[in-house]
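Just so you know, the protein sequences line up as chains A and B, in that order.
Read in order, the letters of the first sequence are residues 1 to 41 in my numbering.
Read in order, the letters of the second sequence are residues 1 to 522 in my numbering.
Hints were generated in silico from the structure; no laboratory data involved.
Glycine included, C-beta positions come from ideal geometry on N, C-alpha and C.
Keep in mind that the hints are not guaranteed to be accurate.
When the alpha-carbon atoms are kept at most 25 Å apart in a straight line, the in silico SDA-like pairs for lysine to any residue are as follows [what the hints assert, rightly or not]:
| no. | chain 1 | residue 1 | chain 2 | residue 2 |
| --- | --- | --- | --- | --- |
| 1 | B | K277 | A | L18 |
| 2 | B | K227 | A | Q9 |
| 3 | B | K280 | A | W32 |
| 4 | B | K277 | A | N33 |
| 5 | B | K317 | A | F3 |
| 6 | B | K280 | A | F3 |
| 7 | B | K317 | A | D7 |
| 8 | B | K280 | A | E34 |
| 9 | B | K280 | A | P6 |
| 10 | B | K277 | A | G4 |
| 11 | B | K277 | A | I25 |
| 12 | B | K280 | A | V26 |
| 13 | B | K227 | A | D7 |
| 14 | B | K280 | A | G4 |
| 15 | B | K277 | A | D7 |
| 16 | B | K280 | A | I25 |
| 17 | B | K317 | A | G4 |
| 18 | B | K280 | A | D7 |
| 19 | B | K386 | A | L22 |
| 20 | B | K277 | A | Q9 |
| 21 | B | K280 | A | Q9 |
| 22 | B | K277 | A | P6 |
| 23 | B | K277 | A | Y31 |
| 24 | B | K227 | A | G4 |
| 25 | B | K280 | A | G19 |
| 26 | B | K277 | A | V26 |
| 27 | B | K227 | A | P6 |
| 28 | B | K120 | B | K437 |
| 29 | B | K317 | A | I25 |
| 30 | B | K280 | A | N33 |
| 31 | B | K277 | A | W32 |
| 32 | B | K280 | A | L30 |
Cβ-Cβ distance ranges computed for the label pairs, FRET-style [said to hold, decoys possible]:
| no. | chain 1 | residue 1 | chain 2 | residue 2 | range |
| --- | --- | --- | --- | --- | --- |
| 33 | A | L18 | B | M221 | 23 to 31 Å |
| 34 | A | P6 | B | A485 | 27 to 35 Å |
| 35 | A | P6 | B | V449 | 44 to 52 Å |
| 36 | B | I206 | A | I12 | 43 to 51 Å |
| 37 | A | I12 | B | G324 | 43 to 51 Å |
| 38 | A | N33 | B | E152 | 43 to 51 Å |
| 39 | A | L18 | B | A475 | 24 to 32 Å |
| 40 | B | I21 | A | N33 | 30 to 38 Å |
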Amino acid sequence: MIFGIPDPQILIGYGLSLGLALACIVYGWLYWNEEERTDGS
Amino acid sequence: MAVDSLLMTSLVLVYLAATLIIGYIGYKKTKSSEDYLVAGRCSHPVIIALSYGATFISTSAIIGFGGMAANLGMGLIWLTVLNIGIGILLAFVLFGKKTREIGQRLSAVTFPDLMCKIYKSPLLQYIAGFIIVISMPLYTAAILIGGARFIEPTLGIPYATSLILFALITAVYVVFGGLIAVMYTDAFQGTIMLIGMTVLLALTLIAVGGFTAGTTALTNMADMVPKALASQGMTGWTAMPDLGSPIWFTLVTTLVLGVGIGVLAQPQLVVRFMTAKDNKSLNRAVLVGGPFILMMTGVAFTVGALCNVYFVQNTGKIAIDAAGGNVDAILPLFINMAMPDIFVVIFMLTLLSAAMSTLSALYHAMGTALVCDLWGRGKECALSMKAHQVGIVIMMVLSTILAFLLPISIIARATAMFMGLCACAFLPAFAVGVYAKTPSTKAALWSMVAGAVIWFAWTAFVHAAEAKPLGLCQALFGKATLLGAPWTAVDPLVIGLPISMIVMIVMQYQYARQQPATPAAA
Numbered sequence: 001m002i003f004g005i006p007d008p009q010i011l012i013g014y015g016l017s018l019g020l021a022l023a024c025i026v027y028g029w030l031y032w033n034e035e036e037r038t039d040g041s
Numbered sequence: 001m002a003v004d005s006l007l008m009t010s011l012v013l014v015y016l017a018a019t020l021i022i023g024y025i026g027y028k029k030t031k032s033s034e035d036y037l038v039a040g041r042c043s044h045p046v047i048i049a050l051s052y053g054a055t056f057i058s059t060s061a062i063i064g065f066g067g068m069a070a071n072l073g074m075g076l077i078w079l080t081v082l083n084i085g086i087g088i089l090l091a092f093v094l095f096g097k098k099t100r101e102i103g104q105r106l107s108a109v110t111f112p113d114l115m116c117k118i119y120k121s122p123l124l125q126y127i128a129g130f131i132i133v134i135s136m137p138l139y140t141a142a143i144l145i146g147g148a149r150f151i152e153p154t155l156g157i158p159y160a161t162s163l164i165l166f167a168l169i170t171a172v173y174v175v176f177g178g179l180i181a182v183m184y185t186d187a188f189q190g191t192i193m194l195i196g197m198t199v200l201l202a203l204t205l206i207a208v209g210g211f212t213a214g215t216t217a218l219t220n221m222a223d224m225v226p227k228a229l230a231s232q233g234m235t236g237w238t239a240m241p242d243l244g245s246p247i248w249f250t251l252v253t254t255l256v257l258g259v260g261i262g263v264l265a266q267p268q269l270v271v272r273f274m275t276a277k278d279n280k281s282l283n284r285a286v287l288v289g290g291p292f293i294l295m296m297t298g299v300a301f302t303v304g305a306l307c308n309v310y311f312v313q314n315t316g317k318i319a320i321d322a323a324g325g326n327v328d329a330i331l332p333l334f335i336n337m338a339m340p341d342i343f344v345v346i347f348m349l350t351l352l353s354a355a356m357s358t359l360s361a362l363y364h365a366m367g368t369a370l371v372c373d374l375w376g377r378g379k380e381c382a383l384s385m386k387a388h389q390v391g392i393v394i395m396m397v398l399s400t401i402l403a404f405l406l407p408i409s410i411i412a413r414a415t416a417m418f419m420g421l422c423a424c425a426f427l428p429a430f431a432v433g434v435y436a437k438t439p440s441t442k443a444a445l446w447s448m449v450a451g452a453v454i455w456f457a458w459t460a461f462v463h464a465a466e467a468k469p470l471g472l473c474q475a476l477f478g479k480a481t482l483l484g485a486p487w488t489a490v491d492p493l494v495i496g497l498p499i500s501m502i503v504m505i506v507m508q509y510q511y512a513r514q515q516p517a518t519p520a521a522a
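Looking at chain B on its own, in the form it has when it is part of the complex:
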């Protein structure tokens, strides 16, 4: 980077110092296990909204999906529609308030604990905890890789050192300060992200001559769509791909639906609802959360698509060619070329904030799942802060090891995989659990197992993007995927979630009457 390294290093150190100081304030306010696990159930609405938003939006959402918009066009704006409509409005208004009330009434402290207490089923807590402990390290490793890959060239620190430092610094305030420290630092990091993305939008619009001028130029570049993409259904950067084409399936099922719906049942986000003192706090959080998400994903996708105009005007190449074919490199390259030096630093802090806020939430969710929901389920020791601190350290070490084993190309894929699995396994049981008068334990168990198994089977044996690199189908059946096109482009969520929902609904209808009302319905 051309930016003065002294300035860059100084600002990064100031940022890290501020993060650790805020984390320390959180640590000083943490007096009990309830503080450590659910932030004392009295978080401020703005902190809830910024923490939820900053946890929701990772580096992958900005760099990975922004790069996808540069490659596939503005159709990704539909993910923003779902992010706000489902991820904020539906999540807070329909699920958030019920989750907070039930969580408070039943003294639930984690997502699996909430499911266990709603359905009065320890087995459900074990299964949910197991799914979290197995799958969340993959997403965590992807966040670690994304952060380290960015820190490496920016600060000139070797990749392995960047990854370990990144993991350790984030773990420090999570281990000592628990959820209060996580949410306080999230709010600080969310504010930096908001500033960074606002400036990015303004400078991009200046660079391309305004929104309408930029989109008009982008529309006129339709004949520059690479042949490989055009043959798969892409028609331009300001138009949706051809209906039913492979690119349409990828855009709509994996990127828009997979990530858009997957957010609803993510354990680390559901816990945020349980930190609110009352429903008023959640109402107020909606006011901040909606515009925050618009400024994150809406800006990333718009800037991603529009940067093609800048690259063509300045290099004669479209974005993906200018970035040497690497989708993840498009936005960093654009920022380095088109933005003033000081903004490069601001954007680096924006990305660091996005990565750290998501990472801290995942550490906390994994550690508490390991201790509270698996190892110590039902034991007093599960609620001791020390036990949770050990759990977080164990999961941090496991995720870091996994990050060294995974390839870099896993970042966006791992994000979509984790969100898809969460939706398939947890969403139907969670939705029925918070709303039904007599939620059926059998229905929840089978829905969760069916969702997880179908998701895994489709991922390993049908969805080409995962089945091919995984190689399990090839090893067992001698071919890369069991089904042909268009099924190989259909995301596992599109198959797993409806099946999980059907299992839940049918069994709920069949068994609910045989079951006494649960504590959730009190």
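Extracted from the complex, chain A is given alone in its bound form:
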């Protein structure tokens, strides 16, 4: 039992929530000044 939570599905949910929020921060920071065109359509 990690952090008092017995079900790994809940732990994965919390891990993904925090990880995705972190991914948003990293993405925004890395592409802060990037003005890429999303051509190809």
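Using the hints provided, position chain B relative to the given structure of chain A.
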């Protein structure tokens, strides 16, 4: 409430004054129809992120879904995963940039207008506008009811007066200031929401002795799960329900998938992408948007589940019993009992902000759909600010009337219904429209119609939560639902979206080559 009413009223008046002043600043910056409809296409990244997030998160998300977490447990955290992963990362990175570029190139000003210009089909604009004008008042009425039900006991104003005042005050800055005023006030309200939810998390963790202590206590309370829920698959507040059980279907298909995917094609959110000056602005908005959503839904669901520990320790009852069986009353009751008085006021402003920010965006989207996409499609007058102001007032009045007709229990249900319909009707056509070189008009039309019709049929004749109160199936076929379990617990989105996608993909494959490249592919 035990809070000093003078303090409460003073802070609410200060909040309303600040909102109206910010709305007035937006009004002064609105010089053209493009300002009014798409905020001049030059919004600041932080304003885009906070406006998108605050519009996305309504009172229903905090109170309704927070209460659901108190009732059904921490499995709702998967909705936060989808809210951030799909609602922010996927929405901004995959759809946002393309939407902004195409919207700017084609001078699209509303979601149906964007679809019309991508597919070169006025009929598509009429259908999308019609779906918005018909379905969005339901969601708007739910937001109005939620706000008024909260204002009524808090400020001691009668329900009907609360509802009308709430509708009017929000409408004032939307009607006069357009999207600039809406987005400026959204950013202000989003900041209040961020402060409120951060303090709520901190005080809740203090109240239950920290995260691990709280979750351990919650895990040890598994034997207190009500028999009615246990018999339907609930195993505890820190575990997912049994796979395939009725509660699992409700949690996964209606709450997590229904709301998590539904966000992608909501017209009032898609328009936010068209307000960005460049893709750089959208990249920067992602940085703010992800943590913002984590602090909204992640906190609401965690606090919702953990408040069971507080209620058991202080009243001997689990949250739903302490709240007299009313899911929507759980979080307000917890805050009144466990939090210092000043926080009760802060949380009230947080909820008011969540409701007003969503409401203002819906007024704007409905009004512009009525004028630009239905009544005045293709006419010059459709782009006049006056015409849009009239449209917003008409839709505001209709939504307010509907709010008086609907029952209170409709709040969370109406939210999930609106998001499900948006996904079924709009998502496949929107996704193909912004990405395909030669998107097929026929495919988009049939996908949109199939998605909307299947969603409605499943809602009215199969999904028990809506079919039973609606009574259409009973009246026509003499039984509450046409199919039995487990289909009655499967959300209409789970059926409607795949069918709408299949129609889109098959017809796109069949007809795309017969169609010249659209302006979107230029």
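Each hint tested on the structure:
Among the hinted pairs, K277 (chain B) with L18 (chain A) is inconsistent with the structure: their alpha-carbon atoms are about 29 Å apart, more than 25 Å. Taking the CA atoms of K227 (chain B) and Q9 (chain A), the gap is near 23 Å; set against the 25 Å cutoff, the hint holds. Between the alpha carbons of K280 (chain B) and W32 (chain A) the distance comes to roughly 6 Å, so the proposed pair stays at or under 25 Å and holds. For a cut-off of 25 Å, the pair hint linking K277 (chain B) to N33 (chain A) stands: about 13 Å separates their Cα positions.
For the hint linking K317 (chain B) to F3 (chain A), the alpha-carbon distance of about 24 Å falls within 25 Å, and the restraint holds. Straight-line distance between C-alpha atoms of K280 (chain B) and F3 (chain A) comes to about 38 Å, which puts the hinted pair past the 25 Å bound. The hinted pair formed by K317 (chain B) and D7 (chain A) meets the criterion: a straight-line CA distance of about 24 Å does not exceed 25 Å. Our distance criterion of 25 Å between C-alpha atoms is met by K280 (chain B) and E34 (chain A), whose separation comes to about 6 Å.
With a CA separation close to 42 Å, the supplied pair K280 (chain B) and P6 (chain A) exceeds the 25 Å bound. With a CA separation close to 46 Å, the supplied pair K277 (chain B) and G4 (chain A) exceeds the 25 Å bound. The hinted pair formed by K277 (chain B) and I25 (chain A) meets the criterion: a straight-line CA distance of about 20 Å does not exceed 25 Å. Taking the CA atoms of K280 (chain B) and V26 (chain A), the gap is near 14 Å; set against the 25 Å cutoff, the hint holds.
Distance restraint check for K227 (chain B) and D7 (chain A): the Cα-Cα separation of roughly 21 Å lies within the 25 Å cut-off, and the hinted pair is therefore satisfied. Taking the CA atoms of K280 (chain B) and G4 (chain A), the gap is about 41 Å. The hint is violated against a cut of 25 Å. In summary, the hint linking K277 (chain B) to D7 (chain A) is not supported, as the alpha carbons are separated by about 45 Å, beyond the 25 Å threshold. The straight-line distance between the Cα atoms of K280 (chain B) and I25 (chain A) is roughly 14 Å, inside the 25 Å bound, and the hint therefore holds.
Restraint check: the Cα-Cα separation between K317 (chain B) and G4 (chain A) comes to about 21 Å, which is no more than 25 Å; the hinted pair holds. Of the pairs offered as hints, the one joining K280 (chain B) and D7 (chain A) is violated, with about 40 Å between alpha carbons and a cut-off of 25 Å exceeded. For the hint linking K386 (chain B) to L22 (chain A), the alpha-carbon distance of about 44 Å lies beyond 25 Å, and the restraint is violated. Under the criterion of a C-alpha separation no larger than 25 Å, the hint pairing K277 (chain B) with Q9 (chain A) is inconsistent with the structure, at around 40 Å.
Taking the CA atoms of K280 (chain B) and Q9 (chain A), the gap is near 35 Å; set against the 25 Å cutoff, the hint is violated. Proximity of K277 (chain B) to P6 (chain A) is assessed by CA-CA distance (about 47 Å); at most 25 Å being required, the pair is judged violated. A C-alpha spacing of about 15 Å is found between K277 (chain B) and Y31 (chain A), which places the hinted pair at or below 25 Å, so the restraint holds. Restraint check for K227 (chain B) and G4 (chain A): the C-alpha separation of about 24 Å stays at or below 25 Å, so the hint holds.
Under the criterion of a C-alpha separation no larger than 25 Å, the hint pairing K280 (chain B) with G19 (chain A) is consistent with the structure, at around 23 Å. For the hint pairing K277 (chain B) with V26 (chain A), the CA-to-CA distance comes to about 22 Å; that is within 25 Å, so the pair holds. As the CA atoms of K227 (chain B) and P6 (chain A) are separated by approximately 21 Å, the hinted pair is consistent with the 25 Å bound. Taken as a hint, the K120 (chain B) and K437 (chain B) pair is honoured in the structure, with Cα atoms around 13 Å apart against an allowance of 25 Å.
Using a Cα cut-off of 25 Å, the hinted pair K317 (chain B) and I25 (chain A) is violated, with the two alpha carbons roughly 40 Å apart. About 6 Å separates the Cα atoms of K280 (chain B) and N33 (chain A), which keeps this hinted pair within 25 Å; it holds. Distance restraint check for K277 (chain B) and W32 (chain A): the Cα-Cα separation of roughly 14 Å lies within the 25 Å cut-off, and the hinted pair is therefore satisfied. Restraint check for K280 (chain B) and L30 (chain A): satisfied, since their Cα atoms lie roughly 11 Å apart, inside the 25 Å limit.
A beta carbon spacing of about 25 Å between L18 (chain A) and M221 (chain B) agrees with the range 23 to 31 Å that was offered as a hint. Against the hinted window of 27 to 35 Å, the Cβ-Cβ separation of P6 (chain A) and A485 (chain B) comes to about 28 Å, which satisfies the hint. Our hint of 44 to 52 Å for P6 (chain A) and V449 (chain B) holds, since their Cβ atoms are close to 46 Å apart. With their beta carbons about 27 Å apart, I206 (chain B) and I12 (chain A) fall outside the hinted range of 43 to 51 Å.
Here the CB-CB span from I12 (chain A) to G324 (chain B) is close to 34 Å, at odds with the stated 43 to 51 Å. Between N33 (chain A) and E152 (chain B) the CB atoms are about 49 Å apart, so this pair conforms to the stated range of 43 to 51 Å. Checked against the hint of 24 to 32 Å, the C-beta distance between L18 (chain A) and A475 (chain B) comes to roughly 49 Å, which is inconsistent with it. For the pair I21 (chain B) and N33 (chain A), the supplied restraint of 30 to 38 Å holds, since their beta-carbon distance comes to about 33 Å.
The structure shown violates the earlier hints numbered 1, 6, 9, 10, 14, 15, 18, 19, 20, 21, 22, 29, 36, 37, 39.
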